[in-house]
Structures are given as C-alpha cells and as structure tokens.
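**Q** So the protein sequences, as listed, match chains E and R. Under the numbering used here, think of the first position of the first sequence as 38, with each following residue one higher. Under the numbering used here, think of the first position of the second sequence as 38, with each following residue one higher.
Among the clues, some could well be false.
For chains that are exact copies, the list does not tell them apart, and a pair is met inside one copy or across any two.
Claimed, not checked - Each computed BS3-like pair below joins lysine-lysine, with the alpha-carbon atoms no more than 27 Å apart:
1. 108 with 132
2. 72 with 113
3. 122 with 108
4. 112 with 54
5. 108 with 124
6. 54 with 122
7. 132 with 112
8. 132 with 72
9. 108 with 72
10. 54 with 132
11. 95 with 108
12. 132 with 113
None of these hints come from the bench; they were simulated from the model.
2 protein chains.
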Amino acid sequence: MGNKTLTYGNVDMLVLKLLENQDMYGYQIIEQLEKQSQNVFSLSAGSLYPLLHNLEVKDYVDTYEGDNNSKTPGKKRKYYHITEKGKAYLAEKSKEWEQYSSAINSILFVEKGAAI
Amino acid sequence: MGNKTLTYGNVDMLVLKLLENQDMYGYQIIEQLEKQSQNVFSLSAGSLYPLLHNLEVKDYVDTYEGDNNSKTPGKKRKYYHITEKGKAYLAEKSKEWEQYSSAINSILFVEKGAAI
DNA sequence: TTGACAAATATCGGATTTCGATATATAATA
DNA sequence: TATTATATATCGAAATCCGATATTTGTCAA
C-alpha cells in the first residue's frame with residue numbers, strides 16, 4: 038500500500054467487497070482498488086495473490102479460468118467469485134469496521150478538556 | 038485488542054491523542070482507552086510499554102516519575118508527556134487516518150451496480 | 001504478621017499481515 | 001526480433017501486536 042500499515046487486516050474485506058459487485062481476476066482487483074479509492078490504496082501483487090489463495094482455502098471465494106480467446110497478453114486470467122460463506126464473512130467484517138472506525142473517531146475527535 | 042488486527046498501526050496515534058489531553062502513566066492509558074472507546078479496544082500491557090519506549094526514543098514524548106507519597110500500591114508511576122514533535126506527528130497521522138478511513142468507506146458503501 | 005491480592009512497569013517470543021524482489025508466461029507492438 | 005504490458009505466483013523480510021511471564025510494592029484480611 039502507499040502507506041504500508043493502514044489497511045492491515047482489512048484488505049480481505051475490501052477485496053471481497055469488490056467481488057460482491059462482480060467477478061474479477063487478480064490484476065483487475067488491483068486496478069479497481071486503486072481507482073475506487075482515488076489512489077489512496079495501491080495493493081501490490083505480492084500481497085494480493087497469497088491473500089486470494091487464502092480466501093479460496095477458506096471457501097470465501099471460488100474460481101474459474103477466463104476465456105481462451107482473450108486478445109490481451111499475459112497469463113490466462115483466473116476469475117474469482119464470492120461464495121455465500123464469503124458474503125457472510127464480509128458482512129461480519131464490515132460491521133466490525135464500522136464499530137472500530139467509530140471508536141477511533143470517538144477518541145480522535147474529543148475536544149481538549151471535554152468531559153468523558 | 039478485542040479484535041486483534043483492527044488498530045494495527047494506529048495505536049501510537051491513539052496514545053498520543055490521549056496524552057495531548059493530559060499527561061498520563063501507562064496503566065492509566067490502558068484504562069482510559071478502554072473506557073473512551075466503550076470497550077471496543079482493550080490494549081494489552083505487552084503492547085503498550087514497548088510502544089511507549091519507542092515514542093520516547095523518537096522524541097514524541099518525554100517522561101517523569103510520579104509522586105513518591107502516592108498511596109496506591111505497585112511500582113512507581115511513570116508519567117508521559119507529549120512533545121511538540123509528538124504533536125506534529127499526531128497531526129500527520131490523524132490526517133492520514135481521515136484519508137484512509139474515507140477511502141475504505143468509499144469502497145465499502147458503493148451500491149451494487151453503481152457507476153464508479 | 002504474614003500471605004494474598006491489586007496496581008504498575010517491563011521484556012520476550014510468536015503470530016499475523018503486507019511488501020519488495022524475483023520469476024514465469026504470453027500477446028501486442030515497435 | 002526485442003521490448004513492453006498484462007497476469008499470476010512465491011519467498012523472505014519487516015512491522016506490529018499480543019500472551020505469557022516476571023518483578024516491585026503497598027494494602028488488607030485472616
């Protein structure tokens with residue numbers, strides 16, 4: 038990431054969220070994440086692919102190979118599709134994120150001298 | 038923390054924020070953080086003390102020993118006080134947090150099928 | 001009075017997560 | 001034909017946090 042530690046523990050959630058919207062292949066996820074965050078995040082390939090394998094092992098996604106007749110260069114695309122189990126996990130993590138970020142904000146945005 | 042990875046990389050910011058409000062000793066920081074986050078965070082001592090030493094090495098805080106005539110048991114309290122350098126660092130990290138969390142939210146809360 | 005407990009600080013190794021470097025494959029392009 | 005862009009993959013290193021453990025010291029109950 039641009040800032041290394043800022044998405045720690047949340048990348049899987051972000052990836053699953055993108056996949057909830059549509060099936061994607063790895064490289065596409067990297068580009069989409071960068072675009073959709075206005076260049077705040079730029080996930081590296083070395084982070085993404087192990088993470089995707091992990092999501093597959095945990096049955097949060099399943100995969101299929103892309104069209105052979107693709108006219109783009111490079112290795113064959115591998116598409117990822119979120120499972121029901123993945124959706125449930127995503128919902129859980131999203132909820133945790135809301136709770137967590139609001140707790141951070143409740144500490145950051147307390148005025149000096151305010152009663153707590 | 039209650040949830041292990043959710044505050045990764047942000048604990049120093051939270052601690053400095055508490056110290057911006059008033060000088061505190063370690064144990065007090067743990068209790069205050071728990072209280073002020075409505076029990077969302079519970080920082081462990083094994084996390085806090087190395088972190089405090091690191092903040093001291095970086096000149097983000099300086100320290101002094103508490104009163105000898107304290108009637109509470111336990112080791113002597115060591116108070117931490119935020120420096121100007123620490124305040125500048127806190128401001129920087131807070132800004133990053135705002136940017137980061139809003140980027141996360143912009144990905145999480147996009148409606149299915151919405152144009153991006 | 002003495003033993004248990006609570007307050008307070010401290011350190012270490014282990015677990016988790018992410019990144020940079022590197023490798024490989026392949027089609028388009030110059 | 002060589003280079004570049006696309007695409008997937010793996011590995012070791014770095015950073016951060018926690019659980020377990022240890023130590024000190026004052027209070028309080030038995």
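**Q** Could you tell me which of the numbered hints above are not met by this structure, giving the numbers in increasing order?
**A** 1, 3, 5, 7, 11, 12
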